[in-house]
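> Sequence:
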Amino acid sequence: MREQPEQQAPPVQRLRIRYAKRGRLRFTSHRDFSRAFERAIFRARVPMAYSSGFNPHPRISYAGAAPTGSASEAEYLEIGLAEVADPAAIKALLEEALPDGLDVLEVVESPGGSLADLLTASRWLIDTTADQAAAAAAVAAFLASDEVLVQRMTKKGVREFNCRAAVASLTVVERAGGARLDLLLRHVVPAVRPDDVLTGLAAAGGLEAGESPLLTRLAQGPYDESTGEVGDPLGSRG
Numbered sequence: 000m001r002e003q004p005e006q007q008a009p010p011v012q013r014l015r016i017r018y019a020k021r022g023r024l025r026f027t028s029h030r031d032f033s034r035a036f037e038r039a040i041f042r043a044r045v046p047m048a049y050s051s052g053f054n055p056h057p058r059i060s061y062a063g064a065a066p067t068g069s070a071s072e073a074e075y076l077e078i079g080l081a082e083v084a085d086p087a088a089i090k091a092l093l094e095e096a097l098p099d100g101l102d103v104l105e106v107v108e109s110p111g112g113s114l115a116d117l118l119t120a121s122r123w124l125i126d127t128t129a130d131q132a133a134a135a136a137a138v139a140a141f142l143a144s145d146e147v148l149v150q151r152m153t154k155k156g157v158r159e160f161n162c163r164a165a166v167a168s169l170t171v172v173e174r175a176g177g178a179r180l181d182l183l184l185r186h187v188v189p190a191v192r193p194d195d196v197l198t199g200l201a202a203a204g205g206l207e208a209g210e211s212p213l214l215t216r217l218a219q220g221p222y223d224e225s226t227g228e229v230g231d232p233l234g235s236r237g
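The sequence shown begins at 0 in numbering that gives the first Met the number 0 and counts up one residue at a time.
These are computed hints drawn from the structure, not numbers from a lab. Among the clues, some could well be false.
Derived Cβ-Cβ restraints for the label pairs, each shown as a range [said to hold, decoys possible]:
1) 145 x 104: 34 to 44 angstroms
2) 95 x 157: 36 to 46 angstroms
3) 21 x 44: 21 to 31 angstroms
4) 55 x 35: 17 to 27 angstroms
Since this is a predicted model, take the numbers as computed values, not measurements. Ideal Cβ positions, reconstructed from N, Cα and C, are used throughout, including at glycine.
Just need the whole structure built from these sequences, with the hints factored in.
Now the structure itself:
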């Protein structure tokens with residue numbers, strides 16, 4: 000019989016981390032980031048807890064990763080440690096080990112519960128070269144629609160879905176050289192991305208966003224229906 004692997008001890012501490020993807024590093028895929036992060040924790044000698052089994056892995060849980068090509072100020076993950084550590088010390092170690100553009104912004108001790116369950120909405124800025132008046136007209140047409148169907152290629156083929164249902168708010172902000180869209184997206188199933196909303200704006204209002212709009216996630220967390228705001232998942236307890 001094959002010898003059973005040694006069972007690893009459970010983490011003694013869990014830390015939640017907010018990080019940013021900036022500049023050229025916004026083109027980093029989730030898989031590329033996970034490899035870079037694992038190399039960083041190894042170089043920084045963070046006292047990670049590991050999974051059991053024949054191929055132990057560091058205990059890292061990723062949640063709500065932004066699409067490749069978009070910048071973000073609100074990416075989150077959770078790590079499990081084999082030793083109790085000062086969150087500020089772990090932040091300093093990771094800042095030193097990660098490349099510029101993958102920037103650790105905050106590290107806090109986890110209060111327990113599921114981090115992913117707290118990430119129910121995101122706020123985005125979308126910078127386009129579209130005419131502002133045309134953008135405002137397209138936004139009005141989009142918001143007046145009960146349903147805006149778009150298509151996206153998935154692993155299971157082309158999928159059609161209603162992108163309007165995920166949009167909690169959408170406004171046009173003045174910007175030199177084009178129109179900036181302020182978008183608040185609920186996290187629904189199937190997931191609706193900012194580029195899906197741009198496709199929906201083209202379908203509903205004929206918006207021409209121009210080449211390579213810049214997508215930036217400003218916030219991600221629990222959505223408050225009464226205020227229309229996205230809360231801080233690291234400040235949530237429970």
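> So does residue 145 sit 34 to 44 angstroms from residue 104, Cβ to Cβ?
Roughly 38 angstroms apart at Cβ, these two residues keep to the hinted range, so it holds.
> Given the hint of 17 to 27 angstroms, is the C-beta distance from residue 55 to residue 35 inside that range or not?
Check passed, 20 angstroms falls within 17 to 27 angstroms.
> Determine whether the Cβ-Cβ distance between residue 21 and residue 44 falls within the hinted range of 21 to 31 angstroms.
26 angstroms Cβ-Cβ, so the 21 to 31 angstroms window holds.
> For the pair residue 95 and residue 157, does the Cβ-Cβ distance stay inside 36 to 46 angstroms?
44 angstroms, holds
Going down the numbered hints, you'll see the structure goes against none, and every one checks out.
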